[in-house]
Amino acid sequence: MKSALELSTAIKAKKLSTTEAVNDYITKIEKNDANINAFISVQREQALAKAEAVQKRIGAGEVLSPLMGVPIAVKDNISTAGVATTCASKMLKGYTPVFNATVVDKLEQAGMIILGKLNMDEFAMGGSSETGFFGEVRNPIDTSRTAGGSSGGSAAAVAAGEIPLALGSDTGGSIRQPCSFCGVTGIKPTYGSVSRYGLLAYASSLDQIGTVGLNIDDCAALLAVISGADEKDSTCIIDKPFEFGAVTERLDNFKIGLPRNYFEKGIDGDVKNSVLAAAKAFEEAGASIEEFDMPLTEYIIPAYYIIACAEASSNLSRYDGLKYGYRHEDAATLSQAYRLSRSEGFGLEVKRRIMLGSFVLSSGYYDAYYKKALQTRALLVKEYNRLFERYDMIISPVAPTTAYKLGENISDPLKMYMGDIYTVSVNLAGLPAVALPCGFDSEGMPIGFQLIGKAFSENKLVDAARAVQPFLKRNG
Amino acid sequence: MNLVIDTELITYLENLSYLTLPDDEKKGLESDLNGIVNFLAKLNELDTSGVEERSHPFDEVNNFRDDEVLPSFVREKILQNAPHKTEEMLIVPKTVGDELE
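These protein sequence lines are chains A and B, in that order.
The number in the numbering used here is simply the position in the first sequence, starting from 1, with 132 added.
The number in the numbering used here is simply the position in the second sequence, starting from 1, with 130 added.
Among the clues, some could well be false.
Computed cross-link-like contacts, DSS-like style, restricted to lysine-lysine with a CA-CA straight-line distance of at most 25 Å [claimed, not checked]:
# : chain 1 : residue 1 : chain 2 : residue 2
1 : A       : Lys134    : A       : Lys144
2 : A       : Lys455    : A       : Lys514
3 : B       : Lys157    : A       : Lys547
4 : A       : Lys225    : B       : Lys172
5 : A       : Lys188    : A       : Lys134
6 : A       : Lys222    : B       : Lys215
7 : A       : Lys455    : B       : Lys172
8 : A       : Lys222    : B       : Lys156
9 : B       : Lys215    : A       : Lys503
Keep in mind the hints are simulated off the structure, nothing from the lab.
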């Protein structure tokens, strides 16, 4: 499989045209995606027309970005003008955005070609890409297993070679966990470094768009394209887009923390060994590793689900069946139209989270649940600040297991939520993290680990990931 | 203390959420939410007295643009996705006499 940067180099050297590249990937999608179900829609004609236009500009010597001419696919919770955006929900049946998400404009300005929209858990609520209206995503390594979620389509499409790069979104691990399950690389950027304008909101204080690719260089190049301030998103507080310079060879002055208690219970033995071996690889590259106990661990999932569901119940109140999306046809009154459209339009997990959010925000329970969760969040942010006085970054597993069988956890929401134990604290604290593959379990399923840095330390994380790649390749 | 989510509370949450669930979903959610809510109550063990709540990851929250008037979407575009509409407005079911709970 060609990486995105290799592809753009070939295009620049005129070994391959943008149109040929687009045709190649569309053929792969058409041949392969029935098995994986990573795509909700493919925009063949539009992509070919754009490819032709971009190829003309390449011919004229224009360079719009290092990824010019490269095909990409976008998670279907990111708005694309004139192209249906479904959030994998019946609720958005027939909805076609009249505007582009800022990141989509940026892809186009960079001369990248969007081929299609990627499958996911409905409204990004889930960890297995099984809750969507358009069917489950299957893991390309073993199609009887989940691709992870909620950006399961993004990770599966890249892992299957159906697309060289993809955009996903990460609210509690939704980029990192599917990357780990499918053996690809992902970056969950700092909150406020990539515009959320046009991202259909799930939990606004946690949501962040990020990148999925075959390696860290591709992901970093794409992050450089999509990051930067945006007048349309006031919470996008970064000054200017990230720039990733030359490759760092050694990590001699890097101090990396390893949360000892993450490896003590509830973690699969193969995952544990593989992530600890990755930590050794950092030592070989010159970094020092120091163990510590991650505080508050048992309180993180409760705090996350309270905050995420509270924000979801508010955000999803916009789906009323009147302005856009699914409408129940026989409602006699306005309130019936709201109630019936929402009850029929939303799937079960979405309704579960809306009800839970309404509960934690309701009078009588607010203090014991929502307020308490916000206080826990404050304590967590303080702990991370303290940790980053000691460490440049933290190395941790992404998920306690590798990809499990489809259907295995879907009827047990609590079990599913527990799978987020290592990922959600990053979102609560707004931190950046990269997920990288580091090996395989005894059944041949990929294992991933993550590097967590302090806010806006993406350059350091990318440096570390690049420096350790040769050591990891040798182990894998 | 174990909180019990019963049918009455489920109905209350349905009203707050503008949902009308079929009976089988209601039963399932009652049992799911009982498990989940009692798991979330683990936070009660944590001493948070005197801790200020944090609803956002950073202290710096907004990067505002200059306060200039800019064009917004035209009506035609806003109405484009509405399931029922005229040329100028959304059509909704009768609102008079509808008791919005």
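Evaluation of the provided hints:
| no. | hint | verdict |
| --- | --- | --- |
| 1 | A:Lys134 <-> A:Lys144 | holds (14 Å) |
| 2 | A:Lys455 <-> A:Lys514 | violated (42 Å) |
| 3 | B:Lys157 <-> A:Lys547 | holds (19 Å) |
| 4 | A:Lys225 <-> B:Lys172 | violated (39 Å) |
| 5 | A:Lys188 <-> A:Lys134 | holds (23 Å) |
| 6 | A:Lys222 <-> B:Lys215 | holds (20 Å) |
| 7 | A:Lys455 <-> B:Lys172 | violated (40 Å) |
| 8 | A:Lys222 <-> B:Lys156 | holds (20 Å) |
| 9 | B:Lys215 <-> A:Lys503 | violated (41 Å) |
In terms of the numbered hints stated before, the structure departs from hints 2, 4, 7, 9, listed from lowest to highest.
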